[in-house]
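Asks: Spelled out from the first residue to the last, the chains are:
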Amino acid sequence: MQELQNLIGGFQVALSWFNLMLMFAGIILGVIIGVLPGLGGANGVAILLPLTFSMASQPGGTTSAIILLSCIYWGALFGGAITSILFNIPGEPWSVATTFDGYPLAQKGRAGAALTSAFTSSFVGALVAVLLITFMAPLVAKFALRFGPPEFFSVYLLTFCAFVGMSKGSPFKTIAAMMLGFALAAVGTDTVTGQLRLTYGYMELLKGFDFLIAVIGLFGIGEILLTIEEGLEFKGAKAKLDMRVVIDTWKELPKYWKTSVRSSMVGCLMGIVPGGATPASFMSYGLAKKMSPDGAKFGTGMVEGVVAPETAAHAAGTSALLPMLTLGVPGSPTAAVLLGGLLIWGLQPGPLLFVEKADFVWGLIASMYLGNIVGLIVVLTCVPLFAAILRVPFAIIAPVILVICAIGAYTVHNSMFDVWLMLIFGVMGYVFKKLDYPLAPLVLALVLGDRAEDSFRQAMLGSQGDLSAFFSNGLVGTITTLSLLLLFWPLISMAMDVIRGRSANNGNGAN
Amino acid sequence: MDETGHEKAVGSVRVWEVVVACLFLVAGALVVYDSRRLGSTWGSDGPQAGYFPFYIGVMIIIASVINLVTAIGAKAKDAGDKAFVTREQLRMVLIVMVPYAIYVVLISNPVYSLGIYEASVIFIAAFMRYLGKYTWLKIGVVSVATMVAFFLMFEVWFKVPLPKGPIEALLGFQ
Chain C
474 MQELQNLIGG FQVALSWFNL MLMFAGIILG VIIGVLPGLG GANGVAILLP
524 LTFSMASQPG GTTSAIILLS CIYWGALFGG AITSILFNIP GEPWSVATTF
574 DGYPLAQKGR AGAALTSAFT SSFVGALVAV LLITFMAPLV AKFALRFGPP
624 EFFSVYLLTF CAFVGMSKGS PFKTIAAMML GFALAAVGTD TVTGQLRLTY
674 GYMELLKGFD FLIAVIGLFG IGEILLTIEE GLEFKGAKAK LDMRVVIDTW
724 KELPKYWKTS VRSSMVGCLM GIVPGGATPA SFMSYGLAKK MSPDGAKFGT
774 GMVEGVVAPE TAAHAAGTSA LLPMLTLGVP GSPTAAVLLG GLLIWGLQPG
824 PLLFVEKADF VWGLIASMYL GNIVGLIVVL TCVPLFAAIL RVPFAIIAPV
874 ILVICAIGAY TVHNSMFDVW LMLIFGVMGY VFKKLDYPLA PLVLALVLGD
924 RAEDSFRQAM LGSQGDLSAF FSNGLVGTIT TLSLLLLFWP LISMAMDVIR
974 GRSANNGNGA N
Chain A
2 MDETGHEKAV GSVRVWEVVV ACLFLVAGAL VVYDSRRLGS TWGSDGPQAG
52 YFPFYIGVMI IIASVINLVT AIGAKAKDAG DKAFVTREQL RMVLIVMVPY
102 AIYVVLISNP VYSLGIYEAS VIFIAAFMRY LGKYTWLKIG VVSVATMVAF
152 FLMFEVWFKV PLPKGPIEAL LGFQ
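Chains C and A, in that order, give the protein sequences. For the working numbering, count along the first sequence from 1 and bump the result up by 473. For the working numbering, count along the second sequence from 1 and bump the result up by 1.
If you're looking for bench data, these hints aren't it; they were derived computationally from the structure. Positions of the beta carbon are idealized from the N, C-alpha and C atoms, including for glycine. Mixed in with the good hints there might be a few duds.
Unchecked claim - What the simulated footprint calls covered on chain C by chain A, stretch by stretch (three residues with Cβ under 8 Å from a Cβ of chain A suffice, anywhere in the stretch; the number is not a length):
no., segment
1, 488 to 496
2, 520 to 527
3, 580 to 591
4, 766 to 778
5, 789 to 796
6, 878 to 884
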């Protein structure tokens, strides 16, 4: 029950007028970010992160800063559903599955029901994940206090191997993109020896590549270029949401409690391992389709088909903060940006955070409860307003988004060089997206590169260069073995397919 | 992507896969080369500065060689010969990227820098005029109002300084 006491303390921190105002501001900004094409949670938070620099330097300001940023994140999670349902345009990758049933519902004239069920399920998913964080995070953190460098490196290894093992596309593209992230992270001054690495004499590279710039370029500019090439023409359903529709939908929703429970579980699991919200939403949609009695009617506009992906996406997006807070390993690109924020504000994410900055951690957790309630209220009342944003013609919205990206990139270090870098990352993001090189592992590698390398070096120093350090005890050995299993999962599953269906084709497995 | 025909395509997916894999190879080689220079082995006091990056570079090279081989070997029917980007799509992308690059030059250049606010007004105005064919009145209202809002948000409320130009200087903001 220690957790409940801490949580009450957290509420006392989070429940000030200033913080409540920040929650509303964050949620509204976040929904706008989620609605606008080309701006997503990760780069939205990255762009607005510099706004918190002066806020975080005041006493107690870090809690306010994280409240603002995390509420932007929740807002973006909510906002993605609006465009999916009304315009059949997923504002975020994790709301793709929401379009399957959400848009048909809107076409049938039930946009209000679709939106209400999306928002309510989002809220339920997030709530389950926050409960999980409240009770699990302290335990994980306490456990992780015993971790040494080899354990931490094995956790990083697990994170990255999971990306390879669970990538939908070519695992070698995932490896290439991820290693590029590590290489970019290595640029600059080596923290241990002080030597300059990979700078090739360029002064600008001394500081290395900031991952915020990479996020804004890859996710922001790259996304805008993709949107633009498709030519923008929004034709949306009417968004009207009155109290009667909301209450009628709420009466209908308890019918789908099984779907909600299942989707929350899928989401929480996928959020903690770095699978993220996108696969979680697809997986949960697929499961619901398979297990629902109305499964065959999915895709024609079923409320249940909106409930499943939205619950899972929010549960995943929220629970991605659990490994970030307890181990310093973010579960999603947006969580990675939040982690970057903590580092910039001078906090050290990881198990010690729960000991040293208890009021910060519990303030954040309390704000997750409040932020999601605020989010639900805001989206249920302001849908027409947000939908109107998409009716602003493209020739106005596009340059404004581009200007915001440039400002965001500049403010990270007050450097124009970063703005040019952002442009390059933008082109890179555009090409990578078109060729199915995944961006999330690249960004995560860029964020975690230095920390992973440090723990690797320390582990190697401790064992005098003997790689068996990563198998030296049960814990680290288990995590390392699990990582290797995940890493070779594409090969293993290929081999299993070959064994199972030897007659079909057996030539592709030999690799 | 729809089937817009080959004659309007700018490179096939296969060609671009090969190009990108080669660029990855170059990046991997650069990393390996510099790591070797720094020392990529076990020194007297632990791993040298290039130890970790060396293996990163090696992995980039291995992965991109496989990607390269896969791309070359891809069958035409498996999207290998699909258009990477059509000429029309590329035109749209360039319509955005070229003015954007000019905009970045306008913000700050050694000759005469406009600062972020004035440059943004010009950028938004040009965009609205060229793509949206708006009247100058509308353009003026939207672009200036947006920038005033940004100015208040960054300079006044959150105290984040952005590069400023001649007009802010006239108004006394430095």
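Asks: Against this structure, judge whether each hint is valid.
Replies: Okay, the hints, checked on the actual structure:
1. 488 to 496: Check failed, 0 qualifying residues.
2. 520 to 527: holds (count 4)
3. 580 to 591: violated (count 0)
4. 766 to 778: Answer violated; 0 residues pass the 8 Å Cβ test.
5. 789 to 796: Result for this restraint: violated, n = 0.
6. 878 to 884: holds (count 4)
Of the numbered hints given earlier, the model fails hints 1, 3, 4 and 5; all others are met.
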